[in-house]
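So the protein sequences, as listed, match chains Y and B.
For what it's worth, this note's numbering labels the leading residue of the first sequence as 145, then goes sequentially.
For what it's worth, this note's numbering labels the leading residue of the second sequence as 39, then goes sequentially.
Bear in mind the hints are in silico, worked out from the structure with no lab data behind them.
Please note that the accuracy of each hint is not assured.
The calculated DSS-like cross-link candidates involving lysine-lysine, where the alpha carbons are at most 25 Å apart (straight line), are [claimed, not checked]:
(1) K413/Y - K284/B
(2) K278/Y - K347/Y
(3) K413/Y - K178/B
Derived DEER-like restraints, expressed as beta-carbon distance ranges [unchecked claim]:
(4) H299/Y - N48/B: 35 to 45 Å
(5) D345/Y - H158/B: 58 to 68 Å
(6) Y244/B - S180/Y: 49 to 59 Å
(7) Q271/Y - A337/B: 48 to 58 Å
(8) N245/B - K412/Y: 17 to 27 Å
(9) V455/Y - D235/B: 26 to 36 Å
(10) E138/B - I417/Y: 18 to 28 Å
(11) F104/B - D345/Y: 37 to 47 Å
(12) K278/Y - N48/B: 50 to 60 Å
(13) M140/B - S180/Y: 35 to 45 Å
(14) R439/Y - N238/B: 16 to 26 Å
Listed next, the stretches of chain B that the computed footprint assigns to chain Y, with coverage defined by at least 3 CB atoms under 8 Å from CB atoms of chain Y [as the list claims (entries may be wrong)]:
(15) 229-241
(16) 247-257
(17) 291-300
Think of the CB as a built atom: it goes at the ideal place given N, C-alpha and C, for glycine as much as any other residue.
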Amino acid sequence: MNQPLLSVKDLKTHFPVKKKLFNKGSHSIRAVDGISFHVNKGETLGIVGESGCGKSTMGRSILRLIEPTEGSIVFEGREVTTLDQTNLRKLRSKMQIVFQDPYASLNPKMTVGAILGEALSTHQLGQSAKERKKKVENLLLKVGLSHTHIGRYPHEFSGGQRQRIGIARAIAVNPSLIIADEPVSALDVSVQAQVLNLFQDLKETLGLTYIFIAHDLSVVKHVSDRIGVMYLGKIVELSDKRQLFQKPLHPYTQALMSAVPSLDPDIKKNRIILTGDVPSASNPPTGCSFHTRCRFKKNVCESVAPREIEVSSGRFVNCHMYDNEYKRDFN
Amino acid sequence: MTSELLKIENFQISFKDDEAGTISAVKDLSFHINEGETVGLVGESGCGKSVTALSIMRLIEKNASFTEGKTVFEGEDINLFSEKEMQSIRGNKISMIFQEPMTSLNPVHKIGKQIGEVLHLHGFANKTNSIEKTIEILKKVGIPRAESIVNDYPHQLSGGMRQRVMIAMAMACNPKLLIADEPTTALDVTIQAQILDLMNILQEEYNTAILLITHDLGVISEMADRVIVMYYGQIVEQADVRTLFKQPKHPYTIGLLNSVPNIDSENESRLTPIDGNVPNLGVIKSGCPFRARCQHAHAKCHEENPPLFKHESQYVRCWLYDEQGGIV
Chain Y
145 MNQPLLSVKD LKTHFPVKKK LFNKGSHSIR AVDGISFHVN KGETLGIVGE SGCGKSTMGR
205 SILRLIEPTE GSIVFEGREV TTLDQTNLRK LRSKMQIVFQ DPYASLNPKM TVGAILGEAL
265 STHQLGQSAK ERKKKVENLL LKVGLSHTHI GRYPHEFSGG QRQRIGIARA IAVNPSLIIA
325 DEPVSALDVS VQAQVLNLFQ DLKETLGLTY IFIAHDLSVV KHVSDRIGVM YLGKIVELSD
385 KRQLFQKPLH PYTQALMSAV PSLDPDIKKN RIILTGDVPS ASNPPTGCSF HTRCRFKKNV
445 CESVAPREIE VSSGRFVNCH MYDNEYKRDF N
Chain B
39 MTSELLKIEN FQISFKDDEA GTISAVKDLS FHINEGETVG LVGESGCGKS VTALSIMRLI
99 EKNASFTEGK TVFEGEDINL FSEKEMQSIR GNKISMIFQE PMTSLNPVHK IGKQIGEVLH
159 LHGFANKTNS IEKTIEILKK VGIPRAESIV NDYPHQLSGG MRQRVMIAMA MACNPKLLIA
219 DEPTTALDVT IQAQILDLMN ILQEEYNTAI LLITHDLGVI SEMADRVIVM YYGQIVEQAD
279 VRTLFKQPKH PYTIGLLNSV PNIDSENESR LTPIDGNVPN LGVIKSGCPF RARCQHAHAK
339 CHEENPPLFK HESQYVRCWL YDEQGGIV
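When you get a sec, could you build the whole thing from the sequences and use the hints?
As structure tokens, this is what we get:
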């Protein structure tokens, strides 16, 4: 059996909150609170969830841009969490990230050539300046820009073009995994489609693997093979895309899907309106963290945190409704 | 027969820019909204949809010039109104909600005071009963613990709650027309569903007409009765919602619909995006502004900007529909 490219086990990232003068006892925001999944080579794993669910923190924790608190991350057979800085830097040429905001993630004082050239020289790719320039020109072509753009600054580009530069920087170092964190949500729809197609093309030509993080369910559905749904620092459902959309199991997934407006004016969805807001990650509800908004809530949900249940091969859901031990409570 | 509530005639809005001179943001814009109707205004950033909304309320910035156009509301041209008369309409007969509720609520005043002020200003409450009335309105928009929320400041509320407060404020005086400028763009999708649901309920109860401005085609399809598509400061297509989504005519509308991944479709082929980017305002001086991104562009598109052609119940600004319909 093939080993997965990346496997994450029980990943936790907690942010300590400063103690107040009389407030004893440590307190932390559990942004990522026990996440396990794997990504196979060549696939796209979509991660979807609403703001504050911890999806971006998770993406950054895998790269150790934010240090995870607990858990293990195995990439290409090596444990990432224990690597020292030198080895970590080497590893980062294999794992790259594309950020949401192309305005904020490109240095405004550097030309495109310098931005991409820096990525190359940091990872000792290209012997001479001349060779690097050639590589940069090639990269620009790959992402649908032209070699004439090499001397320009980020502000001279549109949002879509800037995101192409961000992608070029990520693929510059020949990574095998790219974590794309909301890469199209700042773009207009017509440009968003261009960038989504670029991701698809690069995946095929360069044999890339993606973790695609987004809040937009339609976008995640379009790009992913498998999808993980996050809520308050946990993956509540993880499944093959087709199965997930045919029959969402977790009550949160069901509500999330029903909330997406349809493009067909004739389809009137049976909407499941969730009451209330997402609870705070610094003080998550006891038991199942979704119980405060769940329409199937039973007593057990308030006290016992649900286990991960494998309902069918590769299909996981964190909900007591599917747990043999508690199933009868829900009838 | 439904009656016409608002009629925009021939809006021309331009901005003065030190470098580029005068930039035209909205050109030849005319449309109407009937009582109780929801009209969706859709387009990408920079197409002029927000400027249109602000100029209906006469809230555009000082460097903008509103050179021409009529805003006929309930039979009267409100562009001729004095500032004082305008103030009695704003927040009363026409009210508005914005994308980012945090920037449109005053951070240093309590929620109760801010809503109470609207009621007080338009004579719906006096000093003694304004808090009571405010609580009543907050309950109507589904805010739990309304009695204690009136004493909260905006930063103490979540994004969805803030938008509910904005809606409460906008609906406080039972307006005839609600202009909603990207009301759910900053919200998560489950909260968006709550807010859209609320807008529908309130509209039914008060027969309020809604001008819904958004870039989200899904929201438009769900909410609107009629849709106006804008590009580069102009209406490029106008149709009832079913026709627009089932038989779009303008190449831009077709391109937009093909660009969005459809969550209800099993078809997972590649998206067909529109080539290129939205041009900067003021760059295109003549011809059809969409021609550079259009697959059907021909000689005429370079020479002359097409007028709006009527095609059955649909209006399309494209030379492709020249012979089939007459010029409006």
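Evaluated hints:
| no. | hint | in the structure |
| --- | --- | --- |
| 1 | K413/Y - K284/B | holds, 18 Å |
| 2 | K278/Y - K347/Y | holds, 22 Å |
| 3 | K413/Y - K178/B | holds, 24 Å |
| 4 | H299/Y - N48/B: 35 to 45 Å | holds, 36 Å |
| 5 | D345/Y - H158/B: 58 to 68 Å | holds, 59 Å |
| 6 | Y244/B - S180/Y: 49 to 59 Å | holds, 50 Å |
| 7 | Q271/Y - A337/B: 48 to 58 Å | holds, 52 Å |
| 8 | N245/B - K412/Y: 17 to 27 Å | holds, 21 Å |
| 9 | V455/Y - D235/B: 26 to 36 Å | holds, 31 Å |
| 10 | E138/B - I417/Y: 18 to 28 Å | holds, 23 Å |
| 11 | F104/B - D345/Y: 37 to 47 Å | holds, 45 Å |
| 12 | K278/Y - N48/B: 50 to 60 Å | holds, 55 Å |
| 13 | M140/B - S180/Y: 35 to 45 Å | holds, 36 Å |
| 14 | R439/Y - N238/B: 16 to 26 Å | holds, 20 Å |
| 15 | 229-241 | holds (count 6) |
| 16 | 247-257 | holds (count 5) |
| 17 | 291-300 | holds (count 8) |
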